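K.L.:
The residues making up each chain are set out below.
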Amino acid sequence: MIIQHYLKDVKEKNISITKTIKSILREAKTLNKKHNCFNIITEDLALEQAEEQEKSPSGRLAGLPISIKDCICVKNVESRAGSKILKDYEPTFNATVIQKLVDEGAIIIGKTSQDEFGFGGFSTNTDNIPKNPFDEKVSCGGSSGGSACFTQLTKNPHASISESTGGSIANPASFCSVSGLTPTYGLVSRYGLIDYANSLDKIGVMTKTTEELFPIFNVIKGHDKKDSTSLNEKPSNDNKVKKIAIIKEAFEINPEIKNQTLANLEDYDVISLPLNKKYSIPTYYIIAMAEASTNLAKYCGLRYGQTLPLQGSFNDFFSEVRSKYFTKEAKRRIILGTFTRMAGFRDAYYLKAMKTRTLLINEYKKAFKKYDVLISPTMPILPPKFSEIDKLSPLEQYQMDTLTVGPNLSGLPHLSVPSGFIGKLPIGTMLTSNHLEEEKIINFGEQIEQRN
Amino acid sequence: MKVDKELIKKVATNARLKLTESEIREFLPQLKEVLKDFDTIQKAPTKNLEPSFQPLEIKNITREDKVEACLTQEDSIKNAKHKSNGYIKGPKAI
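Going down the list, the sequences are from chains A and B.
Using the working numbering, you'd call the opening residue of the first sequence number 1 and step up by one each time.
Using the working numbering, you'd call the opening residue of the second sequence number 1001 and step up by one each time.
Simulated from the structure, these hints should not be mistaken for lab results.
Keep in mind the model is a prediction, meaning the values are calculated, not measured.
You may find that some hints are simply not true.
Said to hold, decoys possible - Listed next, the in silico SDA-like pairs over lysine to any residue satisfying Cα-Cα at most 20 Å (straight line): (1) B:Lys1083 with A:Pro274; (2) A:Lys248 with A:Pro215; (3) B:Lys1043 with A:Gly312; (4) B:Lys1009 with A:Thr327; (5) B:Lys1078 with A:Gln306.
Let's have the full structure, built from the sequences with the hints guiding it.
P.N.:
Rendered as structure tokens:
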């Protein structure tokens, strides 16, 4: 049952909220044994919320079960962003998005598995690795892997709140064949999000079908004075898509993915974005790692998370805690991010990357003067096996983000929609529009989905 | 610039990380490969372009300088494991 029908049934009292919540909790527990989609299932909280809503359903999302990516703070629920160092951390407040959802009657069923702090594209940089709904030997994508996995597998009405820095919503949405919307940067408050990279992080939503994104997106968007980078502008309500173009460089990939993606499209132009092709990966990773390394400085065994007995000088103590609880990928990113900000290197890497970002934004802006929506496959490969991922070097893993980092660096809204299967594995098509034009990609996404 | 064991150790110390010898051996070629890729942006034509610290222009959010409700002291240290008399306890500073 799609979300809109469920919400209508709740409103007309044709369905029991508690029964639905009990059913989805049972399902979550069973699926979790095989697929590891959740770090924690919040059974008590969900049942308590369900009981309240059952008595007097109120709000635009009354009774709707929602899962939350682990990196978004939920009051009194362990929120560790897939990391070891934040194990046991229970926020004393709700993130703004969580408060908005709860205020509209949504019911939180659990925290979904992800790469540590979002550092990865396969959800393998963590202790709880989600397994693909279509083949357990295959990755769900990342970093919002658990969100996409459960969104695909559940038979109950459900949405998952996820987060993207460089493609962490689109990538797993494609690998698990669900719809994943990453809104314009700043449109959804980041207050209460455990940061990866502040100038790139965006909270978004995944649902099984594209039309189901609307009711959730409408609740979570909006200005928030608690987030200093919150955008005080309303998204456009013009959803007319007059002209589309495919991005030439994005189709220089696996011919099967190319052909199937093109088969769903008609009446398109071809546009070239050579600067994004050449520079988006290094620009993205320099900025993301520089910001991540500063964000991770606060994890040192004092205010929250894991610690050690208080021994030695503060330098020794902080170093011991951090070295013990960060995984290898976090350490690599801290070193690279610290390096690019160090005296003597800052201008050549960090500042140069920020200027290159301007160059890449300008390239997109020029394209949007002519086109409403730009189209590419979401991922250049089919979802890989875990054994194949093990063989990739860190750089080879980063390069898998080649199609998703562009819109993320430029803060552009983008949507991955399910676009069929090659063999038993799914592919996704990524639609990108100009800032604040989410309605265009959702509208066009529904059309592509209907063709499948 | 030479990326070697000593440079990695220096950066790790700055970032308050103690790497083991085997981590350094594993990371060195990986970091060299990534930094080589980072160098490709040196050729990007960015003359006369301003840096984009945010992808969109963001306006400052300010408010009246008035006391507002915030986390209680109890809540603010709830997650600290070392604490005493309502304060977080830390390692020796000197």
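K.L.:
Which earlier hints turn out false for this structure, listed by number in ascending order?
P.N.:
1, 2 and 3
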